[in-house]
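Chains as they are written, first to last, in this note's numbering: chain Y, 1 to 499; chain U, 1 to 100; chain W, 1 to 327; chain V, 1 to 122.
Honestly, the hints are just simulated from the structure, not real lab data.
You may find that some hints are simply not true.
To be verified - Quick look at which bits of chain Y chain W covers, simulated, 3 or more residues with Cβ under 8 Å:
{"hint": "1", "stretch": "14-23"}
{"hint": "2", "stretch": "181-188"}
{"hint": "3", "stretch": "212-224"}
Glycine included, every Cβ here is placed at the ideal spot set by N, Cα and C.
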Amino acid sequence: MLFVQNFPFMTILLTLICAVVTSVLSGRNARRLTIMMLSVVTVMTAAVMVYTLSTGDSYVYMMGHFPAPWGNEIRVGVLETTMMMVFCVVILFSFLGGMLPSIREIERSKYNIYCILVDLLFLALQALVYTNDLFTAYVFIEINTLAAAGLVMMRQKGRNLVAGVRYMIMNLLGSSLFLFGIVLLYSITGHLLMENIRESVAVLVETGEYKVPLTIVVALITVGLALKSALYPFEKWLPGAYSNATPSVAAMLSSLVSKGYIFLLIKVYVRVIGFDVICSMGVLDVLFIFGLMGMIMGSVSAVRAKTTRMMVAYSSVAQIGYIFTALGLRSEIGIVCALWHMAAHAATKSMLFISCAEMDDACGGTHLRKNLRGAFYHSPLLALAFSLGAINLTGIPLLSVFMTKVTLVQAAIDVGGRHMGLVLGTVAISTLLNAVYFLGTAVNLFTPTKEGDEVLPPTVRKNRYTVVGLIGLIALNLVMGVLSQPILTALAEGLTRFA
Amino acid sequence: MNVIVMLMLVFLIICAVAVSMTKDLLTSVIIYMAYSMIMSVVWITMESPDLAITEAAVGAGVTTLLFFLALKKIHAIDARNEVRKAHAQEKLGGETEHEK
Amino acid sequence: MKSKMMNKLSEWLTDEASALEREMEASQERAADEDEAALTPAEIRWAQEEKEEEERIARRLNEWTDETGTKISRTLYSILCLVICLTLIVLLLYTVTELPSFGSPDHPINNEVSARYIEKGLQETGAVNIVTGMILDYRAFDTLGESSVLFTAAMVVLFLLRKDKESHKYSPLAKVMHDNPHSDTYYEPKNDIILQKTAFVLVPIVLLTGVYVVLNGHLSPGGGFSGGAIMGAGLILYVIAFGFAKMRRFFTYKTYQFVVLIALLTYACSKCYSFFTGANHIPSVIPLGTPGAILSSGLILVLNICVGFVVTCTMYCFYAVFRKGEL
Amino acid sequence: MQLLVNYEETAAIILFCIGFSTMMLHKNLIKKIIGMDMMDAAIFLFLASQGYIEGRKAPIVAGGVQSVEAYINPIPAGLVLTGIVVSVSVTALMLALAVRLYYRYHTLNLDEIIALAGKEEV
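Please model the entire structure based on the sequences and the hints provided.
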């Protein structure tokens, strides 16, 4: 076994050890240690990614002395490492970019708890992406939920607590349903490891045994994870949680936490049950319909939003709709499109959240139309980052989200029939709505202020953390835009080996 | 044996319904404690002593204690809570003022 | 060259952080001094406009929802819940009818996995209690996650309930309750003779039971978690009888931090060792000992003790933070 | 009648649904938390009942007997053990949150709390 193959396990343990050590540090040292840990993990993940891309193959790593069905193990392949790489970069730069607001908004004596929870969130995310065992996935889902709820409440304002409690209730309901799903699956297949379940399920499907229980299992797991990733009818908790949390937390939640759950859902579909079995069940049609509804309803709510943060939060609902629509198309390209959009949206949305929060501070107010006019002239970097994110999400060629829309439409045309018409129509409407709210805001940023308007002096000076974070995120977005074709090919290849 | 286990399960269901139906929070927490206790006995009958010990120590012990403490903090136990009354009056006053 | 650059970068960032923090402190102080008069006229006007608009919307909403609206939506919601619940119950009960009979040996889960745990578990893990051997050796990654869940929850509870400036500022009730000398937060039993005498006898017994359950986790039912919960209950009984002042003589927040740090680090490092050697096919050098002896089963005993310490401290910490807002 | 043969599972399902409706229908936070706990306990009951085999002993090796015919399945017990810890952590966190919300809004009714939070300024 090559030494580089140990890296995923090492990053998981390193993150955990960091979280534990941080509990005795002061706020300042906690911050330093977390930044160091995140950079080291990013470098190590990059090494693993290069390794898996060069061999093109996946490997399993035993967690302990016992092989697969007896012990735990993690699986590392092209898909996992590519997604993990994007997540690592996003969390590192979100943490840096949101540093100033987090210092301002979080109680000094409790700052190290913020760092601990970020570490634990990252730990859970890594374990969710790499794990090859369903019960391990459940345990780390719970860590993810608890840490995310703690992070939402970090500001300790009333609204944060309320957002936290709504988040907790919806998410705990989701984890209970997910747990029931895996318990049922375990009792009809007798395994918890993904590959073994797959073999058992194949036998069950062939003999026709346990047909109804299998459908119920898929339904329970899907509903549980859809609740947790805020698919359209369950999105009520999302705007409050995202718009009131401190910006780095909002960026992490929208770009990492919900994406981790969707990645797990794709894993369950492709690796555990088998995608052709899922396709014969009709669960995907439900996801497809709700995804389409989410695309429209999220955008409509975003148009009506009054503050930038609310607008960006509601646009998350629409983007999650895109991901689920792509999943619901029942084709391989659809899954590739969903995976790609997860990465693209993670990179873009974190940049939007961080730049818009900083911009609110710089402009002295949060009102969408009144305060933000001419922001480019006093804080150019923030305005540039925001408008890059905005035009990206609208779908301008050469950028990452454009590729999503192209791939989605392609997949829909391949599928044909009613799906094609619905997808084409909805993508058109959604793009139009995106253009209304995102491009409108972006143009507003560059409009010089008129004579009569009062302009508030910027209240916050620029700082290097924000600059480093934003430049990193802008670079990530540009790189993803330029390299979109190779990454899509790699994802498609990874998916064929994933099953 | 079978009948006893069935009786305990029926009792569990009765407990669950009672928790849901009772108005008083303290009563429902105590019923919930009974639910945990019975659950741990059910686990003994199912030959899982590990679970029984853990459930007895955690479900019936520590969790219930935390529920009591939380109720104590929100003064559902102590009805003679003057602070709360005073504040309720203040809140009512505040609201009527707001409506004007 | 590289280290020089790193140094420079870290200096650059560190300077920035301390400057930021100084600024924050200064601005907080300033904010405390300044009144609302610091707002510019434009800001006040905007705030007013905003408020008026919000009030208008709120009034409209209130008119609509006040009487009928909430009732209707409430009823709809209840009916929806009941329908979902009934569907769930029917579907799941149908599933139950398809499952194999209760207590029958030919259930799908009785396969080669459990067979190996039972037949070779004692030789491979050294634990007489197969469940303990399974969760702490075969499926150790799950259990590592489980301890992290407890750690996460403890951190969030500490964050929510530990006293700080923020938690008092926004809530008059909390302030009154914390300042009131008769409230539960400050109440220390002085001469409750029955409680104290009982606790004097009970606390050692409870603690010993906990220690026994932890140390015999690999031989008999129980283990780190249940034993830790029992020991935590013992500490809580002590504090109820004798008060926080006595408890503080040997258990403070620092103790809590230190014990949890050491225990979790030991746990993580030993698991690190066993995962690394396992995956790289290096045989582990830790002897398993004779099965049935107290010093056997390799790392399992150490892990049980670590988990026991963490759980004891966490349970006591939950109690203290709920009751007093500090340890 | 299979439902009566699988009486443990049937009871677990009924308890799960009672917990589910308690959690969804009650407005009071404490009741919601209890409902959530009952739901989790019901799932654990279901899982543990899968591992039980008539006439066999708890999986603690006694007298050197190590045959599969002697002991029940240890896996569900181990999983439930992990699950109980998760459930207690969640309960503690939710209770802390309930206390905190009560300090802030002086009520435990979630609808009222959400309404009050909507009214206050950002």
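Consistency of the hints with the structure:
Counting residues of the stretch 14-23 of chain Y whose beta carbon lies closer than 8 Å to any beta carbon of chain W gives 6, which reaches the threshold of three, so the coverage claim holds. As drawn, the stretch 181-188 of chain Y meets chain W at 4 residues by the rule of a beta-carbon pair under 8 Å; at three or more, the given contact holds. As drawn, the stretch 212-224 of chain Y meets chain W at 3 residues by the rule of a beta-carbon pair under 8 Å; at three or more, the given contact holds.
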